[in-house]
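Number of protein chains: 2
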Amino acid sequence: MVMRSEKSAAERSGEAKPAKLSARKAPPRVEIEGISPELESGRFPVKRVSGDLVEVGADVFKDGHDLLAARVRYRGPGDRTWSFAPMTYEYDSDRWTGSFVVDRIGRWVFSVEAWMDEFATWKDGFRKKLDAGQDVTTELLEGSRMAAAAEHRARGAERVRLRELAERIADGGVPFSERVRTALDSELESLIEQYADLSGATRYDRELGITVDRERARFAAWYEMFPRSQAGVPGRHGTFADAARRLPDLAALGFDVVYLPPIHPIGRTFRKGKNNTLDPTADDVGSPWAIGSEEGGHTAVHPDLGTIDDFDRFVEAAAEHDIDVALDYALQCSPDHPWVKEHPEWFFVRPDGTIKYAENPPKRYQDIYPLNFWCDDWPRLWAACRDVLLFWVEHGVRTFRVDNPHTKPLSFWEWVIREVQADHPDVIFLAEAFTRPKRMKRLAKLGFTQSYTYFTWRNGASEIREYLTELTQTDMRDYFRGNFFVNTPDILHEYLQRGGRPAFRIRLLLGATLSSVYGIYSGFELCENVPLRAGSEEYLDSEKYEIRVRDWGAPGNLNADLAKINRVRRENRALQLYANLTFHHSENEQILFYRKAAPGNDLLIVVNLNPFAAEATMVHVPLDELGIDREQAYVVEDLLTGTRYTWRGVRNYVRLDPVAEQAAHVLRLVRE
Amino acid sequence: MVMRSEKSAAERSGEAKPAKLSARKAPPRVEIEGISPELESGRFPVKRVSGDLVEVGADVFKDGHDLLAARVRYRGPGDRTWSFAPMTYEYDSDRWTGSFVVDRIGRWVFSVEAWMDEFATWKDGFRKKLDAGQDVTTELLEGSRMAAAAEHRARGAERVRLRELAERIADGGVPFSERVRTALDSELESLIEQYADLSGATRYDRELGITVDRERARFAAWYEMFPRSQAGVPGRHGTFADAARRLPDLAALGFDVVYLPPIHPIGRTFRKGKNNTLDPTADDVGSPWAIGSEEGGHTAVHPDLGTIDDFDRFVEAAAEHDIDVALDYALQCSPDHPWVKEHPEWFFVRPDGTIKYAENPPKRYQDIYPLNFWCDDWPRLWAACRDVLLFWVEHGVRTFRVDNPHTKPLSFWEWVIREVQADHPDVIFLAEAFTRPKRMKRLAKLGFTQSYTYFTWRNGASEIREYLTELTQTDMRDYFRGNFFVNTPDILHEYLQRGGRPAFRIRLLLGATLSSVYGIYSGFELCENVPLRAGSEEYLDSEKYEIRVRDWGAPGNLNADLAKINRVRRENRALQLYANLTFHHSENEQILFYRKAAPGNDLLIVVNLNPFAAEATMVHVPLDELGIDREQAYVVEDLLTGTRYTWRGVRNYVRLDPVAEQAAHVLRLVRE
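Top line first, the protein sequences correspond to chains A and B.
So the first sequence is residues 28 to 699, counted in this note's numbering.
So the second sequence is residues 28 to 699, counted in this note's numbering.
So that you can see chain A by itself, here it is in the shape it has in the complex (with noise of 0.2 angstroms):
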């Protein structure tokens, strides 16, 4: 028979036997599972920003009939002792929730604990014996001794008047209705509740960690800068007292934060020409991103932006116009960064004893070396990429645009912006990590507070919905901020490449509203549109590798509408939240139809994503969701032209008009 041959293989196992039971190891006596928000059982944090309600929910039980009673316990940055919000639950879900207010930032961590409510399970089965006739002689007597344990964790008058209760009801002298009276009391349930006893209470067996970032982390409008551009005329390479004169424009069009790709001295070896080519001329100004010379490395600006001192006063300048500076973060050296010469073991060495470029066969990239983040001395190497942000962050910057982070050790980024929050919370990390979708993922729960995303990429109207749900109604919205650029220096999409300037204003208003933090490259609201050759996402004449003069003020920008949408972000609480989209019904497929919702900010917004021709369309409106009675009518008033429409019933219509500047509707729902 198999059995005997499956005992004595288990008794050839050696398999630990089960704990020897022990009093002073009691199991627990309350399960705790399915907690939310958690992240990988606890192992990443999540994310919310300061002046978010954080709401707990758990699945609580344990055997039997008993009353239950659950509390989220949490503790701040910086708080010594544990705080807790009350739990409660749905009849017959096992399901409890209970929140709390994070207002501040830095980590916080919460956990849940629960235990079984004696006195209230007794009172309910002593109520119910009650009103059932039943004789309830010694179940007084139990209550009159759950009084009385409470009297002992009790102080000061509490623990008199639980004494005097205590004895009240368990006294066969004072009539029996007093006594029942006394029992049910209110009073004694919330003394009781005051000192119940929780030695015994369960305890989730995991902190879990909340990172609280501020507002800005969330909320913001970004703009994309060279400095070395801003100068205005050409031929001359731009300052940062150039770059400073335009902050007052950014501010007045509505944007919070300047990113500025490197500022550091840009290598000579092997510099790329304009276009990306091999061949540069003396003149050419090279790639920003190729990093370090003669002149420095990562803590140095680059000479002809001037000098560390005209740095500080941008981001002042900056500060007065409440623009946040956002640097770039590209580890990645030229061959004439200072660390080749200082550190060559920090790099890849080749067996003929050269340093490796960087490669992805047969691509060779011989102005790039890339670090060896797992060289021998790897501390080192990490503690001097750590001092680079925290030298910028010396500097009033507080905000870091990682380059490919997916070219470094993940374990790498979870320790540095560990290392960096720790001191300095209000930094704010965004991921340029353009990869597969589980990497761009991790590097997002393992610390980056906002990520690039595959929005320039979802120009239909089905892709787009599919992917912003992914974004905000799966558990990545606990997690990753997509900071919806429109464009970027890499990429300039065939949608607007073919579309024109109708495609601009309906991409601006998508990632806009789409999410609440979003950015433009400069460029953008010129209506630059011509890549470097047919089928490529590159522009011609890339900033990347030469300066490029502009006229901010010419004809066809796009500087009205950049005002406007930040304006109506700014006023619009809906707008300024990530995870409140949801998408709804419209008849053409060619319109998209989503609501942005917050308590009394309502709005259903509409867009034509056909930049070629007018549509239209019915859209459906939810008005359950809404609470819009199916009979009544109501008034929506569009934002982007101060127009106002009554509606009726679900299905409304709505055309769209792109060519004729009409690409969209931001209605917002009028409560009167």
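Each hint should be verified, as a subset may be incorrect.
Identical copies look the same in the list; a pair holds intra-copy or inter-copy alike.
To be verified - When the alpha-carbon atoms are kept at most 16 angstroms apart in a straight line, the in silico EDC-like pairs for lysine to aspartate or glutamate are as follows:
1) K52 / D403
2) K156 / E573
3) K301 / E573
4) K301 / D379
5) K150 / E616
6) K155 / E386
7) K465 / D119
8) K150 / D212
9) K468 / E497
10) K52 / D404
11) K390 / D93
Note that these hints are calculated values from the structure, not bench results.
Keep in mind it's a predicted model, so treat the numbers as computed, not measured.
Dock chain B against chain A, hints included.
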């Protein structure tokens, strides 16, 4: 500005700084996440049966473009060392899979490890550079170095060979083409792979458990009978010997497990009379679940059933028919149980010194004392409860049907099941937990081998589809094995009460084909369907409170149906697996259509759920999944009748008349 105050809040926080970097505790270089199967972060084991192939999946990735390698590490009971199974990945998915066979019962563990495949990465780049006509002199030296590094880890002839290869690749005197050929040769790759340096491999940070049960944990037909009813003579209390005389018939009908309600002495105090009345006569035999009398408790047998030796003989007789005996494990005591005198401290004591009977206010169950699992002496009580199981294990019992486990601590079950299975991994526990879903699931997760289900209450097509889809297509498939009892002494569903014999035949067919493990409680085969009263699911004259003598060959019995379906189950692998179920479209909602699939054994099952009338439908055969060409005719054979049908295309006609004894087809796809 906000930033300043935020910063000082953080400075006050005292939050631990990130750990200092140390070369000795390097962070992982490869990320491993999303392991399957994994249950609640490894908190609980998944379940398999001996002989199963365990398919392991994992998301494995690192930064950059390096090629990776991964493997499953696993260890069976008794293994002193780890075994390994290679993993492969689907291009661009970051998803790796590997598998291994669990070839014996007991507790297995597995995990995943992954590392950068330095040589494969090098070889891939080398080949691309060669193809692009680039100079690869240095690359050859790099390849030679890798061979030399492997040489230092190799032994014997392979070490010598690696040295030869390393030298040949590096030797400028050897023709270039020969050096290249040597570097690209599979001999070198396999030698280097064999001696790969895994010291830097990343190991998934948890070991995940697999409880491997014997086959009958997943595939069995159960028969429940009260031994006291087996005398076959009215008025005489049946014995184990009487019960044993039924075994040949049960074996002939194809049953694998005979389950006996409690066989222990029955209490006298507050004994229940017939039909659960409170005024029994002296002749009333009482409920077997009121366990314990002066004659003994949970390790005694009821004297009227025989002696413990008689019981042993019953177990032996069952074994001769390859039938397992399942006992009821009901942890409660009648007031006459020996423990009440010997260990009053194991019960709930009221303030007046009396022991508390079971109650669910205002309902009282005075014939039962619940055990106080959290009494001060709980470690001894728990051990005593375990010893009850071990006592019966010593008497050859390997299967326990556990009564109301959800009214005893979940922690207790987790402990006691591991405690028993550590030495006896062949022991099967079936949870009778008719409770809310989360508690039911938790009991299954923490160790119960099988679970009763809501199946008896799922009689319509949509509710059957929904419930079975949850059981077999969600992660429940990994831990919850539903034992589909079609009736129990507590549950005579209205569907059976009203539908009569056709309903019984329909439910039998559903139970026996929807789940690989199912059961009937005796009387079902006689279509007993009279409830205690209208609206009740209790049987009239319930066997729980009296002896029931039955004529097993009475007209209208389902013995032929039982024998046939159990034979079909034994002959068809598809009916022996649990989660291999998919539902398919039937145009008439009264007819359910589903597929059970196993390699080489595809069953299409069609059941008319309407016991009152014939129904016809077009069923939609999943041709693509079955690999059948749309144009090609195919043959299906009804395993219940032997009739063959030639079908063609997706839609095929079926008519079933339960009243005329044809309630279902169990169609095997004939592949010839």
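Which of the listed hints are broken here? 2, 4 and 5
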